[in-house]
Every structure is written in C-alpha cells, then in structure tokens.
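S.K.: Put together the whole structure using the sequences plus the hints.
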Amino acid sequence: MTASTLSLACWAIILGDLILLGAGRMRHLLLLTAAQGLLLGLVTVGVSPGIEGYIVAGAVATLKGGIFPWLLWRTMRQVGTSEIVEPFMGLGTSILVGLGGLGLALWIDARLLLPIAAPPLLMPAALTTVLAGLVLIVLRHKALTQVIGYLTMENGIFLLGTPLAGHDAMWIELLILLDLLVAVFVMGIAIHHIRRTFDSIDVDRFCSLRD
Amino acid sequence: MPIALVVLPALAGILALLLANDALRRGLLVATALAHLSLLLATAATATGDPHALFALDAPGLLFLGLASVLFVATSIYAVGYLRAERTDERPDFVAGVVFRNAPERVFTACLLFFLAAMSLVCLTRHLGLLWVGVECTTLASAPLIYFHRHHRSLEATWKYLLICSVGIAFALMGLLFLNYASLGLSGSLHLDRLLADAPTMHPVWLKAAFLFLLVGYGCKMGLAPMHHWLPDAHSEAPSLVSALLSGALLNCAFLGIIRGHQVCAAAGLAPFSGGMLVLLGLVSLGTAAVFVVGQGDFKRMLAYSSVEHMGLLALALGTGGSAALSGMLHTINHSCTKAALFLLSGNILALYHTKSSYDARGLFRTLPITGVLWMLGFLSITGTPPFGTFVSELGIIHGLLAQGRWGVATITMVCLAVIFVGMSSAVARMVHGPKPRYLGGIAREDLSSVGPSAFLVAVVLLLGIVQPEGLRWLVAAAMRVASGMEEGLW
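If you read the protein sequences in the order shown, they are chains V and Y. Letter 91 of the first sequence, counting from 1, is numbered 91 in the working numbering, and no numbers are missing. Letter 338 of the second sequence, counting from 1, is numbered 338 in the working numbering, and no numbers are missing.
If you are wondering where the hints come from, they were derived from the structure by calculation, not from laboratory data. Misleading hints may appear alongside valid ones.
[To be verified] Quick list of simulated restraints, FRET-style, between CB atoms:
1. V/Gly50 <-> Y/Gly471: 48 to 58 Å
2. V/Ile116 <-> Y/Val422: 49 to 59 Å
3. Y/Ala20 <-> V/Leu38: 43 to 53 Å
[Said to hold, decoys possible] Chain V residues, not near chain Y, derived (Cβ > 10 Å throughout):
4. Ala61
5. Gly65
6. Leu71
7. Ser208
[Said to hold, decoys possible] Quick list of in silico lysine to aspartate or glutamate cross-link-like pairs, DMTMM-like style, CA-CA up to 25 Å:
8. Y/Lys208 <-> V/Asp109
9. Y/Lys436 <-> Y/Asp298
10. Y/Lys436 <-> Y/Asp93
11. Y/Lys356 <-> Y/Glu487
12. Y/Lys436 <-> Y/Glu487
13. Y/Lys356 <-> V/Asp211
Heads up, the beta-carbon is just placed ideally off N, CA and C, and yes, glycines get one too.
M.R.: Right, here's the structure in full:
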C-alpha cells in the first residue's frame, strides 16, 4: 500500500470524526463508526504488513466494522428509540470542539515524535478520534450514543497502536478485542434494562444518586 | 501451576450457572473460595520464580491476591446466609416504593466466581497487556453483581460504573501503547521482566506520558479523586457483600496496575516524577474524602468515601517511598480487612432497618448488639485509632513523610485524617447509641454467618496492631521493595 493511500485513509478518519460530531441521526452515527472500523483495518494492513498484521487487521475490520455496529443497531431497533441524537449543545458547536481537538492533536504531534515509521497523519487522526469519542460520551443524552462514543474512543486508541500490530504478541491485541466485544454486549444488555426500568434511554433520568 | 488459580474459579463459575439446586450452588461457592485460598498457599510455598513466565507470583501480587482470597472466603460464608434470607419474589423498594425483584441467584454466584478469576489474573500475570485484560474482566464480571437488586438506583450505579471504568481503562490502554512506543527498538515487549530490563534506556518523554495515562486509567478504577465518581454510587447500591469485595479486593487490584507502572518508572530513574504524581493524586483523594464524609447521611456512601480516603493514603505512601511505602503496604491489609468487615456489617443493619440513613438506623446496641459492637470497633479501626493495625500503618506513613522532611504533605494528611475521624464519629455514635426506633421489636437474631466473618476480620486487624508475624513482615517488606523498583522479588 502506498504512503499516499495511507495518508488518505488518515484524512478520511479525521473527516469522519468531524461528520460524526455533526451527525443528527443515530443510523448515521452507526454507519460512520462502521466505516471507521473498516478504515482502521485498512491502516493496520498498510502500516504493519506480514501475517500478524493481516490477522489483527481482519479481526479489527470484522469486529469494529461489522459486529459492533450491528450489535448496537439491533439494540437500537429492539429498544425502539427515536432516530434523533439529542445533543446537550448544538451540533455545530460539537464540530467546532472537534476542530479545536484537531488543532490540539496537530500541536501535540509536532512535539511528540513517533519513534517508528508511520504515516504522518496517524497521530493527529488517532488523537482527534479519541477526543470525538469523549465528546459523544459527555455531550449526548442517550445511553446508546455513549456506547458509540466509547467505541469511537477505542478506535482512536487502536489507530495509535496500528504501527505496533506486528511488534508485540498478537494474541494480546486479539484478547483486548474480545474484551471489547463482551463490553459492548454487556452495555447492550444494560441499555435494555435501562429502557425497561426508565421507559427511556436518556441518561438525564439518572439523577437519584448524588451528594 | 499459578494459572490454576484463575482456571479454578472460572470453571466453578460455569458450574454454578449449570447447577439448579440453590443449596448445592452456595456450597460450591464456599468450597471454591476455600480451595482457592489453599491453592494460593500451596503455590506460594512451592512455586519457583521464573521471571520470563507469563504467570508468576511476586510479593505485591501475593499480598493482594492473598487479601482477595481471604476476603472472598469471608464474603462467601456471609453470602450463604444472605442469599438464604433474600426474597426471590417481587417486593417494594424501601426508598422509592417501586416494585423490584432480584437477578437470578445462579447468575449472581457465577459472576462472583468469575470476578475472583479476573482478580487472580490481574495479580498473577507478569504481562501488562494481560493485566489490562484482567482489569477490564473485573469490570464486566462485577457489573451484574452491582445490579443484583433490579431497581432504578442500582441500574444507574451499574451504568456509571460500566461506562466510567471502561473509559478510564481505555486511557490505561493508551498508556500501554505509549509504554510500547517508549521501549521501541529495545525488546518492544510488555512483559514486566523485559520492561524493567529496558527501562534505563527507554525514551523518557514517552515513558512519562505512559505513566500518566496508566495512573489516570487505573486510578479511575482504584477510586482516586477526581476520577472517583462511580465509587460511592456503586458501593452504596451494590449488595453489601459485593461492596465488601469491591472495596477490599478490587481497588487493590487496580492499585497493582499503578504499582507496575511505578516499578518501570523507578527502574528508569523516573521515580521522583511518578512518585510526585502519586502524592498529588493521594492528597486530592484525601481532601475530597474529607469534604464528602462530613455530614454524609448515607452510611454506605460514608464507607465508600472512606475507601477514597484510604486509596489516597496508599497512593501517597507509594509515591513517598522509603518507610512510608513500607507502612503503605501494611496499610493495604488493614484497610481491606476493616472495610470488608464494615460493609458486611452494613448489610446486617440494612436488612433490619431497611434504610441507609444514619439518622434513621439508630440504637444498634439495643437491636443488633453484636453487629453494633463490631460496627463501633470497625469504625475505631478504619479511622486509625490505637490499638488497631490501621493506627500502626497510618502512623508509619506519617512518620515516613516526616523522615523525608515533607512537613506540608504530612500536615495536610493529618488534618484530613482528623476531619474524617470527626465526620465519621458523629454518624457512628448516632447509630450505635440513640433510641431504638419504635417499629422494631427486641433484640434481633444474629446468625453466625452474618457476624462471624466480620468478627474474624476485625480481630485480624486488632491483632496486627499488637503483633505482626515475622512472615507477614517479610512479605510486606518484599512487596515494598518490589513496588519501589528495588528488586524483582519473584517467588
């Protein structure tokens, strides 16, 4: 894979983050997360070729590009929540926060050099994705959006780890992916219970425990 | 084989899911707890340390896993009586009045056992990647435990716990990646043994960044302020025996993750940096606990904030190093035993009074005399009153701070400890003395399974204040030397 393809993939991930922050419909959020998962697999192959890289890339693309979004899609259909994302603050402001995050990521990237050959935009793309995930967790009303945010954040962390995919024991990365699968599963079950108990999946209803 | 300590409870957990008979399943829980403890003792007695192995016991691992195993035995005995007394039909929730029922008992028992397996994995592994997997597994196994009573408050607590801890340890994963970057070009492995060997030549900036992320990530799970928000909610809403395990065993496991990071930093000569960060978070935790303990009406939340306080003390002690770190390791034993005993007792109080308010649960000496006396003793111990072991270890930490000339830190610590003592004493005095509520009859019956485990744990802490066995002193000293990066201390 050429360096320009990799750079393009990183650009696509950054753009995806900004669109994710501006997305107003749940299905778009899920589609964007799936696309991001597939891109992540592509970057993994490009950055660390070899059999180990291929295995990790395959697992990442299948889980993050297919199974996780599908699980969340199913949960969304089953709890029958509305399609609207319901942000705490305007979607435009969210995009602005994302742009600010991109600036911060570029600033950090200029100071903290990766000690390994990697596409130039890898680090900014990863940090922006982590930040976009955090924004989704903190500034959205629905429990489901928080899980999507958590997955986005994990995508960013994995992107940061792609140059290392072939270096350390591969089975650790596969175990981590398995752990994430169980986490998404458990969170999905919790969302079902939240829906049944509160008749809504708005986390605003969580207000009985505080000091 | 150390790995048997992980496999045994995991298999027992699967068996618990399959067993239909309640009595048999409760027997399995106690039997597995006892088998786990015996197996741990046997492993500690016979194991030969292979530093390259994936699973090996070192001194802090043995100390924390030993604590987890002893507490698991105590809580499993408590669980037998607790589960027998729990109603399985729908019943009204005493706070909000809505109707709720329990999660299936077999799921609860199985998750308890999976939780023990995950904690064993954390304490046994020498590979930091595997340690991360273990910590995430503890979150996933314990979330259903917190949601045992299926009402909206426990669901809220479970969701906060799941989300905050998952996001928290996602940061720890980032820390691991940074650690990998720091050691790139060297062995590039996350095996503790290799990391310690590589540390002196690692890239210092990446190593510092890695430690910060590990500290924030595992600190979230350990309940260090300001990342502690899930802790009071989860501890107050979980069944009391689960709170006992969360506070007494799980928080230590998260601390182990931070200790590993500190070990690598110390080996790289960055101990002043990582120690400074630990002291800072320790002080913030102490201050936060002092603010929230005073005037806290909910006695389970009060205990939870006390856990934040003691986790702060542990971080402070490790960061200070020297004799303070030694006392800090001793303090883990005192805190875990006392806090588990107090949470188990709070379950007895809750079962009789149906309230978590210290203003309503009054007259303990007249209604639950044994629980009342133990509650009082537990309070004296957790606030570091002589002659309990907690007094010895807290005094040791302060002494260690003063020996290093850290007068400011020592003063802040002592002020916070004093404020917390006053804050907790007013609530506890209100509960043990005071008039008995009219709706309660005479002295309630107290089973051996409901007070026995707490009495044992409180007795242990009392004995530790008077005499510390030679073997234990040696283990604590070895754990301190390993945690401060002075030696490998493998079994």
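S.K.: Take the hints in turn and mark each one as holding or not.
M.R.: Hints and how they fare:
no.	hint	in the structure
1	V/Gly50 <-> Y/Gly471: 48 to 58 Å	50 Å, holds
2	V/Ile116 <-> Y/Val422: 49 to 59 Å	55 Å, holds
3	Y/Ala20 <-> V/Leu38: 43 to 53 Å	45 Å, holds
4	Ala61	19 Å, holds
5	Gly65	19 Å, holds
6	Leu71	15 Å, holds
7	Ser208	5 Å, violated
8	Y/Lys208 <-> V/Asp109	16 Å, holds
9	Y/Lys436 <-> Y/Asp298	18 Å, holds
10	Y/Lys436 <-> Y/Asp93	23 Å, holds
11	Y/Lys356 <-> Y/Glu487	46 Å, violated
12	Y/Lys436 <-> Y/Glu487	56 Å, violated
13	Y/Lys356 <-> V/Asp211	14 Å, holds
Checked against the numbered hints above, the structure violates hints 7, 11 and 12; every other hint is satisfied.
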